Amino acid sequence: MQAQPLRMALTIGGIALCVVLMLFLLSVYRGVADGSIEYIRSNKTDLWVLQGGATNILRGSSILSTGHGNLLRDIPGIQSVSPILFLLSTIKKGSQTSTVYLTGYDVTTGIGSPPQLLEGRHVQDDGEIVLDHSFAAKFQFNVGDQVVTREDTLQVVGISARTNMFVIQYAFVTLRQAQSQIGYPGLVTCYLVKVQDPSTIAAIRERIRDELPGLEVYDHEEFLRNNIREMQSGFLPLLYTIAAIGGIVLTTILSLILSINILEGRKDFAVMKTLGSPRRFLHGLIFKQGLQISSAGCIVALVLFFPVVRLIERLAPEVSTKTSLEQISGVMLAVWGISIFSSLLAVRRVRRIYTLEAFT
Amino acid sequence: MNQPENRSEIVRLENVSKVFGVNGHGMTAVQAVTLSLSAGELVLLLGPSGSGKTTLLTLMAGLIEPSEGSVSLFGDDVGEYSEEELQRLRARRLRFIFQNFLLIESLSVLENITLVLRFAGKEAGEARLAARNLLRQFDIDRLADRYPAKLSQGEKQRVAIARAIANGAELIIADEPSASLELSQGLEIIMLLRSLAKEGNRCVVVASHDLRLVEFADRVFRMRDGAIDEEVRVSGHATRSG
Numbered sequence: 002m003q004a005q006p007l008r009m010a011l012t013i014g015g016i017a018l019c020v021v022l023m024l025f026l027l028s029v030y031r032g033v034a035d036g037s038i039e040y041i042r043s044n045k046t047d048l049w050v051l052q053g054g055a056t057n058i059l060r061g062s063s064i065l066s067t068g069h070g071n072l073l074r075d076i077p078g079i080q081s082v083s084p085i086l087f088l089l090s091t092i093k094k095g096s097q098t099s100t101v102y103l104t105g106y107d108v109t110t111g112i113g114s115p116p117q118l119l120e121g122r123h124v125q126d127d128g129e130i131v132l133d134h135s136f137a138a139k140f141q142f143n144v145g146d147q148v149v150t151r152e153d154t155l156q157v158v159g160i161s162a163r164t165n166m167f168v169i170q171y172a173f174v175t176l177r178q179a180q181s182q183i184g185y186p187g188l189v190t191c192y193l194v195k196v197q198d199p200s201t202i203a204a205i206r207e208r209i210r211d212e213l214p215g216l217e218v219y220d221h222e223e224f225l226r227n228n229i230r231e232m233q234s235g236f237l238p239l240l241y242t243i244a245a246i247g248g249i250v251l252t253t254i255l256s257l258i259l260s261i262n263i264l265e266g267r268k269d270f271a272v273m274k275t276l277g278s279p280r281r282f283l284h285g286l287i288f289k290q291g292l293q294i295s296s297a298g299c300i301v302a303l304v305l306f307f308p309v310v311r312l313i314e315r316l317a318p319e320v321s322t323k324t325s326l327e328q329i330s331g332v333m334l335a336v337w338g339i340s341i342f343s344s345l346l347a348v349r350r351v352r353r354i355y356t357l358e359a360f361t
Numbered sequence: 018m019n020q021p022e023n024r025s026e027i028v029r030l031e032n033v034s035k036v037f038g039v040n041g042h043g044m045t046a047v048q049a050v051t052l053s054l055s056a057g058e059l060v061l062l063l064g065p066s067g068s069g070k071t072t073l074l075t076l077m078a079g080l081i082e083p084s085e086g087s088v089s090l091f092g093d094d095v096g097e098y099s100e101e102e103l104q105r106l107r108a109r110r111l112r113f114i115f116q117n118f119l120l121i122e123s124l125s126v127l128e129n130i131t132l133v134l135r136f137a138g139k140e141a142g143e144a145r146l147a148a149r150n151l152l153r154q155f156d157i158d159r160l161a162d163r164y165p166a167k168l169s170q171g172e173k174q175r176v177a178i179a180r181a182i183a184n185g186a187e188l189i190i191a192d193e194p195s196a197s198l199e200l201s202q203g204l205e206i207i208m209l210l211r212s213l214a215k216e217g218n219r220c221v222v223v224a225s226h227d228l229r230l231v232e233f234a235d236r237v238f239r240m241r242d243g244a245i246d247e248e249v250r251v252s253g254h255a256t257r258s259g
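The listed protein sequences derive, respectively, from chains A and B.
Under my numbering, think of the first position of the first sequence as 2, with each following residue one higher.
Under my numbering, think of the first position of the second sequence as 18, with each following residue one higher.
The hints are simulated quantities; they were obtained by calculation from the structure and are not laboratory data.
Here the structure is a predicted model, which means the values were calculated and not measured.
A portion of the hints provided could be inaccurate.
Said to hold, decoys possible - Cross-link-like lysine to aspartate or glutamate pairs, in silico, EDC-like; alpha carbons within 20 Å at most:
| no. | chain 1 | residue 1 | chain 2 | residue 2 |
| --- | --- | --- | --- | --- |
| 1 | A | K323 | A | D35 |
| 2 | B | K167 | A | D269 |
| 3 | A | K45 | A | E319 |
| 4 | A | K195 | A | E207 |
| 5 | A | K195 | A | E223 |
| 6 | A | K323 | A | D75 |
| 7 | A | K289 | A | D269 |
| 8 | A | K195 | A | E222 |
| 9 | A | K289 | B | E128 |
| 10 | A | K139 | A | D269 |
| 11 | A | K268 | B | E122 |
| 12 | A | K289 | B | D156 |
| 13 | A | K195 | A | D75 |
| 14 | A | K93 | A | E129 |
| 15 | A | K45 | A | D153 |
| 16 | B | K167 | B | D156 |
| 17 | A | K289 | B | E140 |
| 18 | A | K268 | B | E128 |
With the sequences and hints as input, model every part of the structure.
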C-alpha cells in the first residue's frame with residue numbers, strides 16, 4: 002500500500018469524503034433539530050392549547066379564535082394566556098420572493114418571542130420584524146432595513162438565532178401584524194397557558210378539556226415530544242438513507258482495497274502460512290490494515306470537515322449546522338465498526354490462500 | 018502426539034502417492050515413494066523440473082495429504098495432526114527455504130526474522146532480541162533495517178537461512194535453494210545447509226536439479242516422473258538402483 006502512494010491517497014481521500022458526508026449530515030440534522038424545536042423548547046409554558054386533532058405546529062394546522070382565549074382566562078388557577086399565530090408568509094427582496102414561517106405573538110407578555118437574538122431587539126410594535134440570521138444572511142438583510150411582506154412594509158429590528166428549520170425560517174412580528182396579513186383579526190393558532198400553581202397543571206388541563214371540548218391541551222414536555230417526532234419523521238428517513246449510502250460506499254471502498262492488498266500480497270500470505278503463521282495473526286494483519294486506513298481517513302476528514310462546513314454555510318446560509326464531540330465520536334466509532342466489518346469480508350480471501358502457492 | 022520410536026527419525030513416507038485432479042483425469046505427481054529421513058543428515062532430492070520433487074517436499078511437510086500411503090512426521094501420522102497442530106509444527110519444528118527465498122518484501126530483514134519467532138510463540142521483545150542475535154551469528158546484522166528489495170541474492174540467501182533456523186527447527190526443507198544463485202553462492206548455501214544438518218543435528222532436505230550439490234549430500238534420491246528411481250548414499254558410497 003505504501004508502495005502505491007496514489008492509490009493510498011485516493012483510498013484515504015474516499016474514506017475521508019464519506020466521513021465528512023456522515024459528519025455533515027449529522028451536523029445538519031442537529032442544526033435542523035435545534036432550529037425547529039428550540040423555539041418550542043425555549044417558550045417554556047405549562048400548557049399548549051390547540052384546535053382539536055392538532056398535535057404540533059411544525060406540520061399541523063390549528064385555528065382558534067380570540068374567544069377561546071377569553072374562555073381560557075376565565076378558568077380559575079390560570080395565570081396567563083398568550084396567543085400565537087403561525088402562518089406562511091412571503092418576503093420580497095427585489096425580484097426574489099422567499100417564504101418565512103411568520104410568528105405573531107403577544108409582545109406585552111413576550112411569550113412566543115425568538116429563543117435568542119444575535120443583533121438588535123425584539124419587536125415592540127406593529128411595522129417591525131425580527132428575521133432569522135440565516136435568512137437575513139441569504140438575502141443580505143440587516144437591522145434597520147425595510148422588508149416587504151405581502152402588502153406591508155416592515156422594519157427589521159432584530160436578527161434571531163436557533164430559528165432556522167432548514168427548509169423554512171421563522172420571522173417574528175406582533176400578533177396584530179400577523180393577523181392583519183390573513184385578514185381575520187380574531188384568529189390565532191394556539192394559546193400558551195401558564196398556571197398559578199405548577200402542582201395543578203394536570204387538573205387544569207382536565208378542566209380545559211371539560212369546559213372547552215374540541216380543543217387539544219398538551220403539557221410542555223408532551224408538546225415538545227410531538228414536535229420532535231414530527232420533525233424526525235420528515236428528516237430522519239432522508240438522513241438514514243444518505244448515511245446508509247455513505248456507509249455502503251465506505252464498506253465497499255475498504256473491502257475493495259483490503260481485498261486488492263490481499264490479492265497483491267497473496268504470495269506473502271502463502272509464505273507466512275507455510276512458515277506457521279497462526280490464523281489469527283493473518284486475520285489481525287487485515288484488521289490492522291483496515292483500522293489504519295480508516296483512521297487515516299478519519300484524521301483527514303476531521304481536518305477537512307470544519308473548513309468545508311464553513312464554506313457551505315457561507316455559500317448557503319440556510320444550511321445551519323451544529324457539531325458536537327459526541328457526534329464526531331459516534332461517526333469515528335461507526336467508521337471503525339465499518340472497518341471491522343469490511344475486514345471480516347476481506348478475511349475470507351485469506352482463507353482461500355493455500356500454502357502450496359508459496360512453491361509456485 | 019506420540020514420541021517416535023526411533024528418536025532420530027524425522028520423516029517417514031510409506032508407499033506415498035499423490036494424484037492431482039478428479040474423475041479419473043488425474044495427474045500422478047508422486048508415485049509409490051517410501052523413504053525415511055533422520056536428524057543429522059542432508060538429503061538431496063535430485064531431478065528435473067516436473068519430476069515431483071516439490072510435491073514430495075510438501076507431502077513431507079504435511080502441507081498436502083497423500084492420495085495413497087502414509088506420511089509420518091516427528092513420529093506421528095500427518096493425518097492425525099489437527100490444522101492447529103500442523104501450524105504449530107511449521108512454526109516450531111519445521112522450516113522452509115524457498116526458491117528465490119521469498120522474504121516478505123514489506124518487512125525489514127529484522128522483521129522477517131522476528132516474524133517467524135513470533136509465529137513460534139515468542140513475545141515481541143524476546144523475538145526481536147533473538148532475531149538480532151541470529152543476524153549477528155550470520156554476520157548480517159548490518160542488514161537488519163534493510164528491506165529485501167535492497168539485498169543482493171547472496172544476502173537474501175543468508176537471511177533466508179537465518180529465518181529457517183530461527184527457533185531451532187528440526188526439519189529444514191529447501192526447494193531449489195541454489196536455483197537463482199551464481200555457482201559460488203550455490204555452493205556456499207549447500208555448505209551452510211550441510212553444517213546446519215551436521216552441527217545442529219537437523220534433518221535437511223533439499224530439492225534441486227543441480228548436480229553440483231550431490232557431493233555435499235549424505236543421501237541423494239533421484240526422481241523421475243514422480244518416483245524415486247535411485248538412492249545414492251554418498252557418505253557411505255552405497256548405491257541402490259530403484
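Status of each hint after checking the structure:
no.	hint	result
1	A:K323 / A:D35	holds (8 Å)
2	B:K167 / A:D269	holds (17 Å)
3	A:K45 / A:E319	violated (26 Å)
4	A:K195 / A:E207	holds (14 Å)
5	A:K195 / A:E223	holds (15 Å)
6	A:K323 / A:D75	violated (43 Å)
7	A:K289 / A:D269	holds (16 Å)
8	A:K195 / A:E222	holds (14 Å)
9	A:K289 / B:E128	holds (17 Å)
10	A:K139 / A:D269	violated (58 Å)
11	A:K268 / B:E122	holds (10 Å)
12	A:K289 / B:D156	violated (33 Å)
13	A:K195 / A:D75	holds (13 Å)
14	A:K93 / A:E129	holds (15 Å)
15	A:K45 / A:D153	violated (31 Å)
16	B:K167 / B:D156	holds (17 Å)
17	A:K289 / B:E140	holds (19 Å)
18	A:K268 / B:E128	holds (17 Å)
In this structure, the hints that do not hold are numbers 3, 6, 10, 12 and 15, in rising order.
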